[in-house]
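Order-wise, the sequence lines are chains E and U.
Mapping the first sequence onto UniProt numbering, position 200 (from 1) lands on 200, and the numbers just tick up by one.
Mapping the second sequence onto UniProt numbering, position 76 (from 1) lands on 76, and the numbers just tick up by one.
Any given hint might turn out to be false.
Note that identical chains are pooled: a pair holds if it fits in a single copy or bridges any two copies.
Here are the computed lysine to any residue pairs in the SDA-like style, where the Cα-Cα straight-line distance is at most 20 angstroms [said to hold, decoys possible]:
#: 1; residue 1: Lys223; residue 2: Glu211
#: 2; residue 1: Lys210; residue 2: Gly225
#: 3; residue 1: Lys230; residue 2: Gly263
#: 4; residue 1: Lys73; residue 2: Phe285
Think of the hints as simulated: they come from the structure by calculation, not from any bench.
Since the model is a prediction, treat every value here as computed from it, not as a measurement.
Below are the chains, spelled out letter by letter.
Protein chains: 2
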Amino acid sequence: MVFEIKSRIATFGGELLKLSHASSATKTPMAVSIYLPPASKTTRVPVLLYLSGLTCTPDNCSEKGFLHATASKRGIAIVYPDTSPRGANIAGEDDAYDFGSGAGFYVDAVQEPWSNHYKMETYIVSELLTSLFEELSSSSSSPEINIAEKLDKSRISITGHSMGGHGALTLYLKNPGLFKSVSAFAPISNPSRCPWGEKAFAGYLGSDDKEEWKKHDATELVKAGGWKGKDLKALIDVGTGDDFYKQGQLLPENFEAAVKEAGVSDVTVRYQENYDHSYYFISTFAQDHVEHAAKYLF
Amino acid sequence: MVFEIKSRIATFGGELLKLSHASSATKTPMAVSIYLPPASKTTRVPVLLYLSGLTCTPDNCSEKGFLHATASKRGIAIVYPDTSPRGANIAGEDDAYDFGSGAGFYVDAVQEPWSNHYKMETYIVSELLTSLFEELSSSSSSPEINIAEKLDKSRISITGHSMGGHGALTLYLKNPGLFKSVSAFAPISNPSRCPWGEKAFAGYLGSDDKEEWKKHDATELVKAGGWKGKDLKALIDVGTGDDFYKQGQLLPENFEAAVKEAGVSDVTVRYQENYDHSYYFISTFAQDHVEHAAKYLF
Numbered sequence: 001m002v003f004e005i006k007s008r009i010a011t012f013g014g015e016l017l018k019l020s021h022a023s024s025a026t027k028t029p030m031a032v033s034i035y036l037p038p039a040s041k042t043t044r045v046p047v048l049l050y051l052s053g054l055t056c057t058p059d060n061c062s063e064k065g066f067l068h069a070t071a072s073k074r075g076i077a078i079v080y081p082d083t084s085p086r087g088a089n090i091a092g093e094d095d096a097y098d099f100g101s102g103a104g105f106y107v108d109a110v111q112e113p114w115s116n117h118y119k120m121e122t123y124i125v126s127e128l129l130t131s132l133f134e135e136l137s138s139s140s141s142s143p144e145i146n147i148a149e150k151l152d153k154s155r156i157s158i159t160g161h162s163m164g165g166h167g168a169l170t171l172y173l174k175n176p177g178l179f180k181s182v183s184a185f186a187p188i189s190n191p192s193r194c195p196w197g198e199k200a201f202a203g204y205l206g207s208d209d210k211e212e213w214k215k216h217d218a219t220e221l222v223k224a225g226g227w228k229g230k231d232l233k234a235l236i237d238v239g240t241g242d243d244f245y246k247q248g249q250l251l252p253e254n255f256e257a258a259v260k261e262a263g264v265s266d267v268t269v270r271y272q273e274n275y276d277h278s279y280y281f282i283s284t285f286a287q288d289h290v291e292h293a294a295k296y297l298f
Numbered sequence: 001m002v003f004e005i006k007s008r009i010a011t012f013g014g015e016l017l018k019l020s021h022a023s024s025a026t027k028t029p030m031a032v033s034i035y036l037p038p039a040s041k042t043t044r045v046p047v048l049l050y051l052s053g054l055t056c057t058p059d060n061c062s063e064k065g066f067l068h069a070t071a072s073k074r075g076i077a078i079v080y081p082d083t084s085p086r087g088a089n090i091a092g093e094d095d096a097y098d099f100g101s102g103a104g105f106y107v108d109a110v111q112e113p114w115s116n117h118y119k120m121e122t123y124i125v126s127e128l129l130t131s132l133f134e135e136l137s138s139s140s141s142s143p144e145i146n147i148a149e150k151l152d153k154s155r156i157s158i159t160g161h162s163m164g165g166h167g168a169l170t171l172y173l174k175n176p177g178l179f180k181s182v183s184a185f186a187p188i189s190n191p192s193r194c195p196w197g198e199k200a201f202a203g204y205l206g207s208d209d210k211e212e213w214k215k216h217d218a219t220e221l222v223k224a225g226g227w228k229g230k231d232l233k234a235l236i237d238v239g240t241g242d243d244f245y246k247q248g249q250l251l252p253e254n255f256e257a258a259v260k261e262a263g264v265s266d267v268t269v270r271y272q273e274n275y276d277h278s279y280y281f282i283s284t285f286a287q288d289h290v291e292h293a294a295k296y297l298f
């Protein structure tokens, strides 16, 4: 598989590459962007994978998240996958903001017809990371650039926002050793018990086997006990003015209680007074999250 | 006149206020946003006025420009006016991206029907700044906040992007002493001689008296000689990958030549390799422009 370079944009001393590639996991083209810091011109740099929230494309956070300012200084590449397949031509896929297009929830769907394309867990963990580190990227319209040789595949951390915070926490917890650290902005921390998660899990995973849901729920994954006595290397920020937090969509307290109960260490959850769910919140704390990753990547 | 607070958003330790007020200059409601840094809780802070480019509302730069990161640290308020009246109900006002709505060019129109509403120079210089510094702001939905008592009206600087860079340079040059310094991102530096400026000036000012155009053209204002031997305290950044620069819409070289010819000092024009016209460019150099203002505001 070869990445097609849609555009190259100079920013913060490095460049943002907007890419597209044919995914075998989703059987669709997938958009992904990558910020390459100036250090990548002379050395292999570690990678911070940023998973976006409901409705987002790779553009939202790369335009508004402000991660590049610190990633530029620290020499970290940021990878922004899309939040779902696009154009899978499934009836109703564009009908809701919280299911289907823009709402893949970072799980592999088992329910028809979603299971034909909505394989976001496999896409992210098995396909995208492998491709970025191994494939020669080329474009007919731009000079060739070999992304793989700019990245250090032994050093990857993960972060995300809202649905992407859920994705970051669950993919981290399910794949010990793959990522050096995890962080999240306003994550959906216990999706089995909130309206967004219940709708998505019922639709993608089915409602018959709730045990299956637990494999994609950060709070339940911690309760399962595999991380007992271990350092989670996790930083979580939640705004107290976040309407979705107030509505019980995020439930970070459940995650905190599970962490305490399970005897997991090195988890910092901060409640930021008055901050909302928007990029005004993300951009404010972006520096802290990139620095958190840097602590473990270097 | 009283500002209505549409929303208050916590960001970078301070808050962004989205306001609306009835303008006597434009005879329409006008949107304006203001970022209040944390220092404004305890002291009067200086102000950096940011004028946006074609098509923009106060939201574009407040979401994507990243001026707040440095404004927060330095204790500077940022004011984001809109780029034109909205809803003036002039036939054709929404037909083009570069004339009418979103394209007021910071001049007072004299041509009918625009002259009934498109008085952006008067709005910015005479009405907005006066109102911000003197009016008690209130909202039925939020706790009252007195913006005026948080701002130091004796310390104002001005900056802007593209059409807003034109606005920043011309309003600065035309009002000696009003602003402490000026900067611009990719400014339309010689509008009398580029397609954007020619269209806007012909429409708002008429084509009969080209001398009138010179009063709203940064290059011509410098040529006029009033700044001879004086420090302009100006910082300008232009990306060499900017398509509008390549198309001759910006003409910063004309401004530089005029500065040299007129014997004006303290003007820094930087050509940033490969950078484009977007917020990826603005956000990269936002820190430098806020620091430039800070140098003269403190």
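field: Violated hints - listed by number, lowest first
entry: none
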